[in-house]
Each structure stands twice: as C-alpha cells, then as structure tokens.
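K.L.:
So the chains spell out like this:
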Amino acid sequence: MNLPLFSALFAAFALTLYVLLDGFDLGVGTLLLAQRDARSRDLMVDAIAPTWDGNETWLVMAGIALFAGFPIAYGILLPAVYLPLIVMLLALAVRGVTFEFRVQSTNFKPAWDVAFGIASLVAALAQGTMAGTLILGVHVEAGQFAGSVLDALSPLALATGCALLAGYVMLGAGWLRVKESGELRTFAGRALHSSNLALLALLALVCVSAAAVQPEIRLRLADRWIGLSLLAILTLGSAAAAWRSVSGNSDLRPFAFAALQCALVAMGAWLVVYPDVVPFRLSLWDAASAQASHMFLLAGAAVFAPIIIAYSAFAYRVFRGKTSAEGYE
Amino acid sequence: MTLDPALLARIQFAFTVSFHIIFPTVSIGLIAFLVVVEGLWLKTKNPLYLEIYRFWLNIFALAFGVGVVTGIVLSFEFGLAFAKFGQIAGPVIGPLIGWEVLSAFFLEAGFLGIVLFGMQRVGPKLHYFATCMVFVGTQLSATWILAANSWMQTPAGAVLEGGRFVVQRWVDVIVNPSWPVRLPHMLTAAYLTGAFIVAGTGAWYLLRGRHVDFARKTVSLGVGFATVLIAVQVFLGDIVYGTMIQHQPAKMQAAEGFWEEQSESPAPYYWIIVPDQADQKNRFTIGTPYLGSIWLTHSLDGRVQGLKNTPRDQQPFMAMAFYGFRVMYVTAILMFALCFASLWLRWKRRLFTTRWFLRALVLMTPSGVIATLGGWYLAETGRQPWVIYGVLRTADAISPVPAAVLLSSLLAFICVYGLFMTAFLIFALRIVRRGPGETAVPTVPGSPRPPAGLAAFGYTRETDPAATATP
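Here the protein sequences come in this chain order: G and P.
Just so we're aligned, residue 1 is where the first sequence starts under this note's numbering, counting upward by one.
Just so we're aligned, residue 1 is where the second sequence starts under this note's numbering, counting upward by one.
Okay, chain G solo, but in the shape it has when bound (with noise of 0.2 Å):
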C-alpha cells in the first residue's frame, strides 16, 4: 500500500478545508476593519465566534500530519518560512484571545476589534506569503533548509500573500451573507464582489510571474495543461457564479460559489505541487517517515475523521440561522 500518498492526500485535505473554513472566519475578521458600526461588528464576531476554534485546529492537523508523515520536509519547509510562519501564529494568537478579550473589554472594545481585524488581516498576509515562498521553491542541501530566512519575503510571495487576503475577505463576505441580514448583508455582497475581482487579478498575476520565475513551474504547466485549464475555466464559472448569486434570493449560494472558487485554487496549487513536498525538491516519497507511522496516523484519521465531522456540523447545526441583536441567549 502507498501509505505516504495517503498521508499527503490527508495533509492536503486538512489545509484545503483549513483554508476554506478558518478562511472564512479570517475573512470576517479583516471585514470589521471596513465596519464603523460597533453593533454590526458585534453581529459579525457572532457568526463565528462559536466555530472559529474547531476551525483553525484543522490547520494543526495539516501540520502535524506533515509533521508525522514527511518529517524531512517539515524540517526543510519550516525553517524556511520562519519569519511568516512566526508571524502568522502572533496574528492568529492575538485573533484567538480577543474573541474572549473582547467580550470582557469595556472601555477599549473598539480598540480590541481593531486588532482583531489587524491579527485576522495579518494572518492571511503571512498564510500567503508562506505558499507563496514555497511554491516559488527553497534553497535546500543535505536535506536542510539552506536558503535566508529572508527569502520568504520576495515580492512574489507578499503578492500572493494578497491573493489569499482577497480570497479569505471574499469567503468571510460570503459567510456575512449567510449569517447576517439587512444593511450587513448589502454591506457583504458589497464585498463580496470587490473582493472577487481582486482575487482573480491577483491570480493571474501571481500564475503568470510564478511561470516566469520558476522553470520548474513551466514544465509542471506543460506537462498538466489539461488538468490546469479544466481547473481554470471551472474557477473562473464558480467566480462569476458567485458574483451574480449576489443579486439573487439565495443565501447560501454565493458562499457555496466562493468555497468552490477557492477549493478549485487550492486543487490547481496541489496538482502543480504534485507528487513533492518539497516543491521541486523533494517527493513526498523521498521526505517520508516508515510505515509503521503512516499506518499510525491513518489509523487514528480514519477513525476519527468521520466522528469529527459529523459533531463539527452537529456545531454549525445547533447555531444556525441569522444572529440576532440578542447574542446567543
């Protein structure tokens, strides 16, 4: 069996729904820096103030699960973003306390909710700029980090670090949309659409200047076309699917179009990426640990994957609906 592919498909599968879910909840965290309204930015925090932690452990989980299975190249990719990836966990530290910090605070709350939307803002700036710096590909030798810390910060990089900022804005706009109504529902297809628009030019920027700096790239482009313009074109329909689901009646729709947008990005980076985890350095073969610890962890994934899942939506179940200007009473 082919242990070592089915802890990357595992450790791709944690970060996509990380990506998407935490996304989200990043996503309306960076929105309440463009809301003036304190009681409004109430109504925000609850759409995901009761599922916002279940959410980010799925980012745990994509890397422990790198960490288990390809310890080589967690050894490798870490070192490598030391500076975003420090970065990213202050931001998501501060993120995290405020939701309970916030609460408590009497005098400073509008100063809590600004740094709640600068922690959330910040930890999507670095998310992006650690794939970015990755995918453009480290400097490794004898199986280490031998690059500067200082090359995760390339202009390419905080480029797409912006990307996923915009997507992560367009998911949180899309969850406003579900959970929110009246002025804070125009107030999130207002950004929904600005959002979209910015995500898909930077897209393309980060895609065509990516191609141009890493010949490596280019092969995996030529070698996967198929693939990758199926991708794009799907991409491109969940984005203009999402933009006119605005106008309609639905509120779920332009969520679910956003969060198919973004899984597509998220798919087209995995099939670049493929078979490495390393980018162009190392397979997920060549950096993975022996059996006996694959067959550990896909144990304990495959038991306890289905049981998370159905309590996690059993969560979003028991707290669906539109906030109310009551809080959940």
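Honestly, the hints are just simulated from the structure, not real lab data.
Do not rely on the hints blindly, as some may be mistaken.
Counterexamples of contact, computed for chain G against chain P with all Cβ distances above 10 Å [what the hints assert, rightly or not]: (1) I64; (2) R185; (3) P275; (4) S312.
A partial selection of chain G residues facing chain P, derived with a Cβ cut-off under 8 Å [unchecked claim]: (5) G75; (6) V149; (7) C207; (8) S209.
The structure displayed is predicted, hence computed values, not measured ones.
We put the beta carbon where it would ideally sit given N, CA and C, even for glycine.
Start from chain G and add chain P according to the hints.
P.N.:
Positioned in the frame of chain G, the structure of chain P alone reads:
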C-alpha cells in the same frame, strides 16, 4: 558577546512552553470542577450550583482561549527552532500529537462553542454532555502530550535508522516507562491547581463578606477536593521519584543538590544551595541534618548519590533542576499543611470563619500553577543535555536559523505573551471583583444589547425552567 543559536532556541522554547503550560493546567483543573458542579446542578436543581458554574465558566473560557493559541505555536515550534529534532523524531512524536489533535483538540473545539453559547439552544442535558466532552478532550490531550514528552524522557519502542526513528511497536512507544506514572501526576497537579484557584477565590469573598453562600460552597468544594488530591499527589509523586531515579539518575542527582558520588553520612536535606557547576561543588548550602538520609534513603545514616556519578558531558545544570524541584516540593508541603488544617477546622465547624486560614487560602490561589511550573522545570532541565534522553543532544537538534532571527522572534513572543498575561489577569480579576450573578455592563455605549459570549449566557435563575420547577 556572540549569540548562541542553540541557547536562543532553547530559551524561546522554554519561554513559550512555560507560558503555555500555565493555561492548560488551569483549564484542565477548572473543567473538571465545572463537570462536577454542572452535574450537581442537574442532580439537585440547586440554582447556587448553576451560579458557580456560570462564574467559573467565564474564567475557564479566558484560560482556555490563551491555552489554545499558545499551544498552536508549540505544534509548529518543533520545526521552527528545532528542525533537526523534527526530522529525526517526527516519525514518533508526530503521530502521537496527530492522535492528540484528532481525539482531543477537535473534541474540545467542537463542543466549546456549545458550552459557551449553546445553553438556550440545546437545553441542560445536552449542554452537560458538551461540558463532559470538553472535559474528555482536555484529558485526552494531556494523555497524548504526556506520552510524547515521556517518550523523550524514557524512549522505547523505536530505533534510529539512517538518521530518523523507525517505530517498532507503538504500544511500547506510548506505554514507555515514565508515561504511566507521569500522566496521573500531571492530571492530579491540574486538578489541584483548579481546586486551589476555586477555594482561594471563595476565601477572598468570605474575608470581605460578599457572596457568602456562593463563597462557602466553593471554599468547601475546593478545599475538599484539594485535601483528597494532595494526599493522592504525595503518593504519585513518590512513585514518579522512584521511576526517575531508576531511568534518569542524573536528573534526581541534580535535584537533590549533592555532588560527591557518595554524600556524607548522615546526609542533610538541602533547602538552599549555590552550586558551582565548573568546580563540581556547592559554594554554600542550607540544609536540615539527618533529613536527607531519612527521606531519601529511609534510614538514619544512608548516603545519597551525587551528580559526579554522571559523566560531566552528560550532566544537567544542577541549579535549574534543584530549584525546580524545591519550588514544587515546598509548595506541595504548604498545600498539604493547609489541607490538614482544613480537616480540623471543618470538624470544628470553623472552616468559613477562621480568618488566618482564609487568608492563607487566598495566598495559595496560584500555588498549583507555581508547583506545576517547578515540576516541569525539573523534568525538562533535568533531562539536559539531551532532548531525547540518551539519544539526541539538544545542541544537535536545532534549526539552521540565524541567532539574530531567533532573538527577534523571542522578543516578539515576550511582548505579545506579556500583553496576553496582562489582559488575562485584568479580565480574570475583573470577573472576580464583579462577583457571581452579576451581568457585565453593556459594552457598546448606548446599547441595551448584552455583550456576546459568556456574559450573554442568559441562563438566569428567572428564565431557567429547571430552577423554577424546584419547590
């Protein structure tokens, strides 16, 4: 002075892990208390229990939040600052933490939202189930992380092949020699921490004559649990001590503060030492004669083994291990004394009125946190110079990251975590000052809307069908 990346990597890990462990210790202890209290409420329908539950859930939520976000940092730090450790030990540690994420983190996160915001939506029974699931999650989390850390203390079930570990039997990895004794020791430490925080807060109210019913109940419950737990802990601690002497003799040699291969007879028990690692001797000691022989060898003239039994290049730094141990041990003695006094006062029916006792309880509020930190300093510094005992040296495990970068990230952690601790203490103390049963003031000026989150828990005695049903 040039910066040493190995030292900075260690300081960064030590700082972030020390900060982190405070919060899970508190939240494991508090959630255990909350499970008991909500269970008592469901059973007796006494609204006082619901009031206690709601009050402590507020503080639990704050501690849990800080614990979660600082824990995520740790799960990436194995690779950030200790990349070579990650590469070598990932096949063992990774799947263990993978099971922690799968069985514990998701469970806590999935049900926490319902615990905090869902009472009105799911009703008391399902809400209690959610509280229990968060409790189960915290216990499983401790179980797996202790398995991983204990494996680093007493590795088993895996062999090094071609620069990384290959697991042969997972049962041996998990049930390594120190895990079965260290897990109950740590869980009991967390429960004790919770019990003293609860009792100390109740005592503070009693001293001020506020919320007297609430305070009496929490002092009684907190001190009662603490009394049982400290007795269990003394017993468990002794077993851990015996296991560690057998498997990590260097750690316990350092912890007792003796250098010579055989100490003088009778051996004193040291309370304060100024060790000189370079000269392999103590410059200054304060101890109690005979007590070392009696406690450590169970005889009047037994000799204690010193650190020179361990080759110099494998010795831990004595001062850290010794003082980590003393902080834990002295705190435990104070806890024991206070719990012993509580039995007498309870029998005399003066538990709630003896002011010196209540003052001592207030002072001992953070005692569990202090003892736990001391114990972890012993466990981790006493393992040095190894990161995986006897197999991989800490200095050989670090990342190829420049010292200046490590220093910057360390300073960033200190600033951000400092802010967290300040905010946590301000908010927790504000909740305590406000007292149970009081709702928070609306946080948006001019808004009648109560704030989201726990203050909006909304399960008041008036609206509680279970409470109004009681005669």
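K.L.:
Hint compliance check: list the failing hint numbers for this structure, sorted ascending.
P.N.:
Hints 1, 4, 7, 8 are the ones this structure does not satisfy, whereas the remaining hints hold.
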